[in-house]
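Here's the letter readout for the chains.
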Amino acid sequence: MTVLEAEDIGVSFGGLTALQGVSFRVQAGEIFAIIGPNGAGKTTLFNIISGIYVPLAGRVRLIGEDVTAFEPHLLARRGLSRTFQNLQVFFRMTAAENVMVGRHLHERRNVIAHLFTLPSVLRQNRATRQRAEELLAFVGLADLADRAAGALPYGALKRLEIARALATEPKVLLLDEPAAGCNPVETEEVDAVIRRIAEQGIAVVLVEHDMRMVMQISSRIHVLDQGRTLTEGTAAQVRTHPDVIAVYLGTQGTEAARAHG
Amino acid sequence: MRRFAASPYGVVVLIAVLVAALPAVLPTTFYVRIAALVFIFALAVVGLNLLMGFAGQVSLGHAGFFGIGAYAVAIGPTHLGIPSWAAFVIGVALAALIAFLVGRPILRLKGHYLAVATLGLGILIAMVMTNEAAWTGGPDGMPVPRLELFGWRVRGPVTWYWVSGITLVIGAWIAANLIASPTGRAFRAIHDSETAARVLGVDVARYKLLAFVLSAAYAAVAGAYLALFDGLVTPDSAGFLRSIEFVTMAVLGGLGSIFGSVVGAMILTVLPQVLTVFHDYEHIALGAIMIVFMIFLRAGIVPSLLTFLRRSS
Ligand SMILES: Nc1ncnc2c1ncn2[C@@H]1O[C@H](COP(=O)(O)OP(=O)(O)OP(=O)(O)O)[C@@H](O)[C@H]1O
Ligand SMILES: [Mg+2]
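Protein sequences, first through last, are from chains A and B.
Following our numbering, the numbering of the first sequence begins with 1 at its first residue and continues without gaps.
Following our numbering, the numbering of the second sequence begins with 1001 at its first residue and continues without gaps.
Fair warning: there could be bad hints in the mix.
Under the rule of at most 20 angstroms between Cα atoms (straight-line distance), these lysine to any residue pairs were calculated in the SDA-like manner [said to hold, decoys possible]:
| # | chain 1 | residue 1 | chain 2 | residue 2 |
| --- | --- | --- | --- | --- |
| 1 | A | 171 | A | 110 |
| 2 | B | 1110 | A | 71 |
| 3 | A | 171 | A | 69 |
| 4 | B | 1110 | A | 219 |
Between beta-carbon pairs, the in silico distance windows are [said to hold, decoys possible]:
| # | chain 1 | residue 1 | chain 2 | residue 2 | range |
| --- | --- | --- | --- | --- | --- |
| 5 | B | 1206 | A | 122 | 46 to 56 angstroms |
| 6 | A | 92 | B | 1162 | 52 to 62 angstroms |
| 7 | A | 169 | B | 1295 | 20 to 30 angstroms |
| 8 | B | 1308 | A | 15 | 46 to 56 angstroms |
| 9 | A | 110 | B | 1009 | 16 to 26 angstroms |
| 10 | A | 123 | B | 1236 | 40 to 50 angstroms |
| 11 | B | 1020 | A | 92 | 24 to 34 angstroms |
| 12 | A | 188 | B | 1290 | 51 to 61 angstroms |
| 13 | B | 1308 | A | 137 | 55 to 65 angstroms |
Read the hints as simulated data drawn from the structure, not as lab findings.
Glycine residues also receive a C-beta, built at the ideal position from the N, C-alpha and C atoms.
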């Protein structure tokens, strides 16, 4: 089932065409990678899909509904969540509280009850906290639940963002470079976490520079270069595509070597 | 003890104990009067702290809402024949309503722009109070009839000490409740990253507005209390300086700390009284003390001291 569809997406920033004519479809439960050299427009594409930017052209459809330029919180309600390349962590809250914010849409939001802490609010807080702990355990951060997010290492924060996004119970999850700044052991862990997320039927759209990881776990790969689609296909197809080798992998020898290795 | 002081409910108990115990050590009604003023200002600052310290949105116009509460209990009984208690309720509701209507467009602004817009709002409200002399008595202000509840005349420093002290405890308790709820988490999330909050489903505009309306209601309650206590209200109560004073109290005591709001209100109310011994240099001394506080306790007095205690244990 197609859960996310981008059609002919275009956007420009003061003369610079950041994206043009980008289209793709993502199925439930698949890991769909978007790769491309720095500045290709991957993060911009995520910003458009998640409602942070408004596209100049094109449509975004989420589970059959046209959601182009919807506000992010309305998209979250419809099952879209994401993480950020440049971290957007709630630094003054604990790790558990960060994830608890992700439960917002699944909590009763009756302010009057909150003002007087009715027993239902206490019960709900406990349930939210418990779910947050489960999600932290899922990404391997169980021990850090009560640590201030501001005091956590970079790799942990990347996974904290994943746990927080999962707390919204998304149907589509956008991950922007989840393994950036992770050591090889952590990268393996992130790799495993992403697979388990997809196994739950969640569509994962993955932007990642670690080619080894991308080639291993993605069902399909969409290649961007300078805001345009270069090609799309399986790891084997993309890896051997002459344009990809020339424009993307060719310019970044180490990544090409790793991809082939 | 540390954990107790850091938890929002520990703070509520602390404030309650303070209110209950203080009269035993206050020598004269002069001091009781000052304590009542501290509680009244602290109430406004606790509300402002919800907006600034938790939701992370500045307001340099909160005295406007304070003034609306104050003038409601003056104008209602004097010109409209409404009993004081009803005028009080109407004043608080009116402040909340104005915050709701003005908040929508204003809270789209961020940082300095929001600061200037709220400043403008405060000045506007104070101007209305100064200019509508037929209703407000103009720059000289107007007398406020005493509050009477079921035949009980609420007057005098001791009575107002208890009324404002108990209200402060309730206000702090409500704030603590809110902070520990999904609403409070949404406030704090917005403070740290609006983008992340939006992506997680938080309706940022709605929660900013909620914080603004709530803080306006706190300010209006405090304003009405001060007017009823003083028996007089002037446009100064809604003025620019008072707005700055509230922000200073919140920042000095510690943004994001309820007890900090009480400490901030206490220092800025008590210190000028103490510093009168310096006669002509009173304001210079006050300014210097504030600068020193902010340099050495830059997170505000209470949060900085808590961090210090944590480090040293
Ligand atoms: N808000 C913005 N204003 C102006 N230009 C922007 C904005 N956002 C992105 N760009 C530009 O759009 C282009 C694509 O940027 P984007 O961040 O999407 O690249 P990317 O593929 O994510 O790169 P990286 O791999 O480095 O993360 C870049 O040239 C960038 O400078
Ligand atoms: Mg990027």
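Each hint, compared with the structure:
1. Of the supplied pair hints, the one linking residue 171 of chain A and residue 110 of chain A is violated, its CA atoms being roughly 26 angstroms apart against a limit of 20 angstroms.
2. At roughly 18 angstroms between alpha-carbon atoms, residue 1110 of chain B and residue 71 of chain A fall within 20 angstroms of each other, so this suggested pair holds.
3. Restraint check for residue 171 of chain A and residue 69 of chain A: satisfied, since their Cα atoms lie roughly 18 angstroms apart, inside the 20 angstroms limit.
4. Between residue 1110 of chain B and residue 219 of chain A, the direct Cα distance comes to roughly 42 angstroms. Violation of the 20 angstroms bound is thereby established for this hinted pair.
5. About 23 angstroms separates the C-beta atoms of residue 1206 of chain B and residue 122 of chain A, a value inconsistent with the hinted range of 46 to 56 angstroms.
6. The hinted window of 52 to 62 angstroms between residue 92 of chain A and residue 1162 of chain B is violated, with their beta carbons roughly 36 angstroms apart.
7. Distance hint check: the CB atoms of residue 169 of chain A and residue 1295 of chain B are about 47 angstroms apart, inconsistent with the given range 20 to 30 angstroms.
8. In this structure, residue 1308 of chain B and residue 15 of chain A meet the distance hint of 46 to 56 angstroms, their C-beta atoms being roughly 53 angstroms apart.
9. Residue 110 of chain A and residue 1009 of chain B have their C-beta atoms about 21 angstroms apart, which keeps the hinted 16 to 26 angstroms range intact.
10. Remark: the range hint 40 to 50 angstroms for residue 123 of chain A to residue 1236 of chain B is upheld by a beta-carbon distance near 47 angstroms.
11. Evaluation of the 24 to 34 angstroms hint for residue 1020 of chain B and residue 92 of chain A yields a pass: the beta carbon distance comes to about 32 angstroms.
12. Here the CB-CB span from residue 188 of chain A to residue 1290 of chain B is close to 53 angstroms, well matched to the stated 51 to 61 angstroms.
13. A beta carbon spacing of about 34 angstroms between residue 1308 of chain B and residue 137 of chain A contradicts the range 55 to 65 angstroms that was offered as a hint.
The earlier numbered hints that this structure contradicts are 1, 4, 5, 6, 7 and 13.
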